[in-house]
Amino acid sequence: MSTSSKIDTPALLDVANVSKSFGSVEVLRSVSLQVARGEVVTVIGPSGSGKTTLLRCVNFLESYDSGSIRIDGKEVGFRDTGTRQRRSERDLAAMRAETGMVFQSFNLFPHLTAAGNIMLGLRKVRGKSSAEARSIAEHWLGRVGLAHKADSLPAELSGGQQQRVGIARAVAMGPKILLLDEITSALDPELVGEVLEVVRSLAEEGMTMVMVTHEMAFARDASSRIVFMADGGVSAAGPPAEILAADTDNERLRNFLARFRASHF
Amino acid sequence: MIGQIAYALPFLAQGLALTLWVSLLVVVFSLVAGVIMGVGLVYGPAPLRWVVRIFSDTIRGIPILVLIFFVYYGLPAVGLHLPSFWAAVLALTLFKTAQVIEYLRGAVGSIPKGQSEAAMAIGLTFRQRLAYVIFPQAFRRFLPPWINGVTDAVKGSALVSLLGITDLMQAINQVIGRTYEAMPLYILGALIYFAVNYALSLASRRLEKRFSFIRE
Amino acid sequence: MGYALNFNLIWRHFDKLWGGLLLSLELAVISIAIGIVIGLVLAVWYVSAGRVVRTIIAAYVEFIRNVPLILLVYLVFYGLPTVVDIAYSAQTSFVATLALYSGAYLVEVFRSGLEAVPRGQIDAGKAIGLTPWQRLLHVRLPTMLRITLPALSNTFISLFKDTSVASVISVPELTYGAQWINFNTFRIVEVYLVVTAMYLLTGYALLYALRLLERWFRAAH
Numbered sequence: 001m002s003t004s005s006k007i008d009t010p011a012l013l014d015v016a017n018v019s020k021s022f023g024s025v026e027v028l029r030s031v032s033l034q035v036a037r038g039e040v041v042t043v044i045g046p047s048g049s050g051k052t053t054l055l056r057c058v059n060f061l062e063s064y065d066s067g068s069i070r071i072d073g074k075e076v077g078f079r080d081t082g083t084r085q086r087r088s089e090r091d092l093a094a095m096r097a098e099t100g101m102v103f104q105s106f107n108l109f110p111h112l113t114a115a116g117n118i119m120l121g122l123r124k125v126r127g128k129s130s131a132e133a134r135s136i137a138e139h140w141l142g143r144v145g146l147a148h149k150a151d152s153l154p155a156e157l158s159g160g161q162q163q164r165v166g167i168a169r170a171v172a173m174g175p176k177i178l179l180l181d182e183i184t185s186a187l188d189p190e191l192v193g194e195v196l197e198v199v200r201s202l203a204e205e206g207m208t209m210v211m212v213t214h215e216m217a218f219a220r221d222a223s224s225r226i227v228f229m230a231d232g233g234v235s236a237a238g239p240p241a242e243i244l245a246a247d248t249d250n251e252r253l254r255n256f257l258a259r260f261r262a263s264h265f
Numbered sequence: 001m002i003g004q005i006a007y008a009l010p011f012l013a014q015g016l017a018l019t020l021w022v023s024l025l026v027v028v029f030s031l032v033a034g035v036i037m038g039v040g041l042v043y044g045p046a047p048l049r050w051v052v053r054i055f056s057d058t059i060r061g062i063p064i065l066v067l068i069f070f071v072y073y074g075l076p077a078v079g080l081h082l083p084s085f086w087a088a089v090l091a092l093t094l095f096k097t098a099q100v101i102e103y104l105r106g107a108v109g110s111i112p113k114g115q116s117e118a119a120m121a122i123g124l125t126f127r128q129r130l131a132y133v134i135f136p137q138a139f140r141r142f143l144p145p146w147i148n149g150v151t152d153a154v155k156g157s158a159l160v161s162l163l164g165i166t167d168l169m170q171a172i173n174q175v176i177g178r179t180y181e182a183m184p185l186y187i188l189g190a191l192i193y194f195a196v197n198y199a200l201s202l203a204s205r206r207l208e209k210r211f212s213f214i215r216e
Numbered sequence: 001m002g003y004a005l006n007f008n009l010i011w012r013h014f015d016k017l018w019g020g021l022l023l024s025l026e027l028a029v030i031s032i033a034i035g036i037v038i039g040l041v042l043a044v045w046y047v048s049a050g051r052v053v054r055t056i057i058a059a060y061v062e063f064i065r066n067v068p069l070i071l072l073v074y075l076v077f078y079g080l081p082t083v084v085d086i087a088y089s090a091q092t093s094f095v096a097t098l099a100l101y102s103g104a105y106l107v108e109v110f111r112s113g114l115e116a117v118p119r120g121q122i123d124a125g126k127a128i129g130l131t132p133w134q135r136l137l138h139v140r141l142p143t144m145l146r147i148t149l150p151a152l153s154n155t156f157i158s159l160f161k162d163t164s165v166a167s168v169i170s171v172p173e174l175t176y177g178a179q180w181i182n183f184n185t186f187r188i189v190e191v192y193l194v195v196t197a198m199y200l201l202t203g204y205a206l207l208y209a210l211r212l213l214e215r216w217f218r219a220a221h
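Chains as they are written, first to last, in the UniProt record's numbering: chain A, 1 to 265; chain B, 1 to 216; chain C, 1 to 221.
In short, the hints are calculated from the structure, not lab data.
Predicted model, so just to flag it, every value in this text is computed and none were measured.
Some hints here could point you the wrong way.
[Said to hold, decoys possible] List time: in silico BS3-like cross-link candidates among lysine-lysine, alpha-carbon distance up to 30 angstroms: (1) A:Lys74 to B:Lys209; (2) B:Lys209 to B:Lys113; (3) A:Lys124 to A:Lys176; (4) B:Lys113 to A:Lys128; (5) B:Lys209 to A:Lys176; (6) A:Lys128 to A:Lys176; (7) A:Lys176 to A:Lys74; (8) B:Lys113 to A:Lys124; (9) A:Lys128 to A:Lys74.
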């Protein structure tokens, strides 16, 4: 699993020298990151280190000031002309449909049922018929263990169930890459396991994923690579065993892990 | 006295019909204009947002009566000749549009940002996000104040009597001019307006209840 | 089109507008002052009264709120003197009408404010041995005011704008002044531009003053 993929196949996700500022605060400083097909990359780091912003740049929920982000060789938010001209609304939507995103706060559509949440993108973006979309939705709801909740509204589901629907909604679109933004942070501890179990099974099937998480044990077991971010830049990256080793000579990382262990174990 | 008033009833009914017709036109036009401008206010580029903001704050900051006179007397002065009926409808529509803009802003503003982001993330375009994610949710917050505000259109329409339009208010005035039965006719008129508006506000309360159960 | 703005005649007759604005403010202040008394008394009465009184107060509120102000103004000025033996000036008649009108709106504001006063505060008042009157004066009313101040400010501004309806019975307030200039000089666009600015400036100045008052009140209580 942890064979670091430094092979010649072009990266599926190629983040190159991306920088971004909110006003005078530089949240991303020339971040570069390649993710190969089938890889699971976990981004860790102290809050404010830019992890979430990086993730949100990948599907262009946030724009960035310089650098480039490519998925399958295609620039995400800007036209391929190299002029940093923003893509049209239609193109952006089409690009975003190629990346799935799962949010910390679930963000299920409260007026739609679990199945309806999944069907919306399938019907309006993928152009599937209602019946087709329904059967895909049911398939994915089954995969996350919620076949019996297809017609429940989000308000009728527990947090863990809502997040599993959130995952199903994202993967049902058949994305090339799945972005997971602290997806268990808003859950009660006893509900974390059921959500991570779903992520683990997707990883085993070869879904390419970039996830921001504080679940170190999960990161260690499930990811092929861990990226440690600090102050808006990539401070260390490598296989889990290497990054999570207590005796790393990266002082920042050592401090982060020490503080993390102190507060989480 | 009763006889004279009974004789006037068909005439008052015509006035009421005109009042309702003006109100209906105003409500429909302002709904369309207000929703479009409200979307501009929430999602538009900065210059558009300023224009809508200034429009709404100005209209809501002056009396409807001033707005009615401004439109009615002002438009011909700059060379635009509208029949008084349409000038009245235009003025009341401007007033109501400003209200609708604020209802829409409030309703859309109450929806968490994550909803838009989740809709973006599955690849919906701006229009699709509005149509399938934002508006269905905003709708139930928009509806109660909007229906409540329909009574404002009916009440506001009484001012068009000042432009010589024979709405219910003007019909009452004309009947009084003929019969000199001021008090009974004013009371009758008040009761008619009351019946119409009270029915509307009861309907809005019922709708409010009906849509409250899906609040998360 | 090609309308050339010329404000000279407006400035020549500006006293009509300025005097009108002062009268608008005067009408608003007096009516609202009476309206506050009506509103407070009825709201306090409502929350402690039985069914009959509640129904009567609710009928008053609902009636006024669902009838156009212009009709009420006509009714009081032209209608009432035909059935009862009273005589009053247009101005007095309008103040009476707007007072009743604002009273109906203010009852609603005050009532919902009174009902929003937390139970615990009233209990605390009882616990330290305050009489019902003392509880009303020192606990319920101040708390209610703090809760309702933002809504009150909006109601006041709206009532200030409603004074324009006084023009229909020839009370020489701001809108009447505007019409006078409209008909006598035909500088129509100009006069309504100026009057719009005057209503806006006065309205927003009032709002600002009321916001200051809110802040002061919050700090003091």
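These are the hints, each one checked on the structure:
Between Lys74 of chain A and Lys209 of chain B, the direct Cα distance comes to roughly 50 angstroms. Violation of the 30 angstroms bound is thereby established for this hinted pair. A hinted pair counts as satisfied when its Cα atoms are at most 30 angstroms apart, and Lys209 of chain B with Lys113 of chain B qualifies at roughly 26 angstroms. For the suggested pair Lys124 of chain A and Lys176 of chain A, the alpha carbons sit about 19 angstroms apart, so the restraint of at most 30 angstroms is met. For the given pair, Lys113 of chain B sits about 27 angstroms from Lys128 of chain A by alpha-carbon distance, which is consistent with the 30 angstroms threshold.
Of the supplied pair hints, the one linking Lys209 of chain B and Lys176 of chain A is violated, its CA atoms being roughly 44 angstroms apart against a limit of 30 angstroms. Distance restraint check for Lys128 of chain A and Lys176 of chain A: the Cα-Cα separation of roughly 19 angstroms lies within the 30 angstroms cut-off, and the hinted pair is therefore satisfied. For the given pair, Lys176 of chain A sits about 12 angstroms from Lys74 of chain A by alpha-carbon distance, which is consistent with the 30 angstroms threshold. A hinted pair counts as satisfied when its Cα atoms are at most 30 angstroms apart, and Lys113 of chain B with Lys124 of chain A qualifies at roughly 21 angstroms.
Restraint check for Lys128 of chain A and Lys74 of chain A: the C-alpha separation of about 25 angstroms stays at or below 30 angstroms, so the hint holds.
In terms of the numbered hints stated before, the structure departs from hints 1 and 5, listed from lowest to highest.
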